[in-house]
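Novice: Based on the sequences and whatever the hints tell you, model everything.
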Amino acid sequence: MYRGGAFVAAEAPDARRPRLLAADSWLVDDGRVRAIDLHRTRFIAAALDSGFSNEPLLAAFWQTALEAIPPIHRWFPRVELYAVASSVSSETPLAGAGAGAGAGAIDVGIDVPLDVVIDVPLDARLRPGERFELSLLMRIAPEPRATAVLATHGGADPRSIPNRKGPDLDTLTALRAVARTDGTDDLVILSPRRKPGSSLPAPEPLAARGLPAAAPAAVPVPAPAGLASWSQNPPQNPAARAHFDSTMTCRGAPEDGEGDEGDELGDAGGELGDGAIVEGTTTALLWWRGETLHAPAPELVRVDSVTARSLAVLARALGVQVVEEHATPADLAGAELWAVNALYGIRLVTEWRGGPTLDVSPAASAHAALWHRRLTSLARPLPVPAP
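Numbering-wise, the sequence shown is residues 14 to 400 according to the numbering used here.
Incorrect hints may have been included.
Said to hold, decoys possible - Label-pair restraints from in silico Cβ distances:
id: 1; residue 1: Q334; residue 2: V191; range: 33 to 43 Å
id: 2; residue 1: S99; residue 2: R302; range: 50 to 60 Å
id: 3; residue 1: P375; residue 2: S99; range: 51 to 61 Å
id: 4; residue 1: R393; residue 2: A72; range: 14 to 24 Å
id: 5; residue 1: L383; residue 2: G44; range: 20 to 30 Å
id: 6; residue 1: P375; residue 2: E80; range: 35 to 45 Å
id: 7; residue 1: A72; residue 2: T370; range: 18 to 28 Å
id: 8; residue 1: L383; residue 2: A343; range: 36 to 46 Å
id: 9; residue 1: G347; residue 2: L383; range: 17 to 27 Å
id: 10; residue 1: S390; residue 2: I85; range: 17 to 27 Å
id: 11; residue 1: S374; residue 2: E80; range: 39 to 49 Å
id: 12; residue 1: D183; residue 2: L331; range: 35 to 45 Å
id: 13; residue 1: E68; residue 2: S374; range: 43 to 53 Å
id: 14; residue 1: P375; residue 2: T194; range: 46 to 56 Å
The hints are simulated quantities; they were obtained by calculation from the structure and are not laboratory data. Here a beta-carbon is modelled for each residue, glycine too, at the ideal position from N, C-alpha and C.
Specialist: Have a look at this one:
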């Protein structure tokens with residue numbers, strides 16, 4: 014951050030033990046990105062839901078972050094909103110401009126004009142003694158992959174805030190890291206099993222919403238001049254929060270009590286063998302039966318996946334029927350299953366360890382590759398900075 018004529022850099026996030034409140038990430042391939050406006054909308058909604066009411070600052074931060082992404086090579090940047098202890102300084106003076114922030118983070122900032130700074134209300138999401146901090150983490154994207162191996166998560170739901178991307182990333186990434194030691198790429202989270210004699214609600218009409226994104230290991234990169242970690246102290250005069258519902262609602266609990274499964278679902282810590290498919294720890298799950306694309310039912314709480322949403326819209330535009338349903342792993346026997354996210358696009362699931370036998374035929378592989386090309390065709394150049 015440029016202050017007092019000197020640049021300062023933030024410490025690596027792990028050194029400060031912050032709480033990640035909201036995050037979003039996307040693939041940038043030679044300056045091109047898919048559905049960047051949907052990523053922006055999702056991140057701002059998550060930040061507002063976390064209690065950060067300064068929407069003008071979020072918009073300015075977002076734009077500056079986009080301008081900091083190099084238009085060459087493959088990147089997987091992540092924008093982040095942290096709650097950081099106010100007593101911990103994140104700034105270290107540097108001897109020159111453009112120094113890296115460590116742990117792969119680009120943490121150099123610009124001042125925000127006072128006329129766009131609004132106090133952030135201190136509420137349950139920001140604890141006493143904490144302040145907000147916005148940051149941009151630059152990561153080099155791994156090589157593309159066309160296939161994935163899955164296994165079922167064998168325990169209670171590990172997510173604490175399942176409809177917001179960010180708070181559970183460390184937990185989910187740790188689970189996936191353990192699974193990867195035996196060659197499993199991701200774990201499937203199931204809903205609690207049904208109580209004996211109960212029935213699941215009928216699927217609701219298509220809402221075209223999906224699930225989260227992968228987070229590869231960070232690598233150090235040079236920090237471009239001009240961006241991107243801003244801190245904000247707890248407010249002196251709390252301001253009213255802006256409502257964002259009219260733009261996009263992240264997937265959450267059923268509204269007005271509709272679709273409430275409290276009477277039909279067992280304990281979250283109970284047996285999960287016949288639970289419905291919700292999502293992977295870092296992926297959304299979509300599957301094909303014949304010419305119909307399927308997704309988990311809308312009342313199964315999860316993060317709104319930009320990639321799954323994009324594929325649903327693309328499918329409908331091409332005249333493909335899209336059905337949302339409660340499906341157990343056994344229901345997918347013989348189906349073509351996709352693991353989708355912003356980083357890899359579409360990966361054909363070639364094995365579900367301990368799960369159903371899937372369609373992994375050459376025809377299924379060619380079909381997934383065709384749709385991956387269609388998805389990739391949606392990429393557009395990053396917005397050009399204003400002169």
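Novice: Hints numbered earlier in the text: which of these fail when held up against the supplied structure?
Specialist: Those not satisfied are hints 7, 8 and 14.
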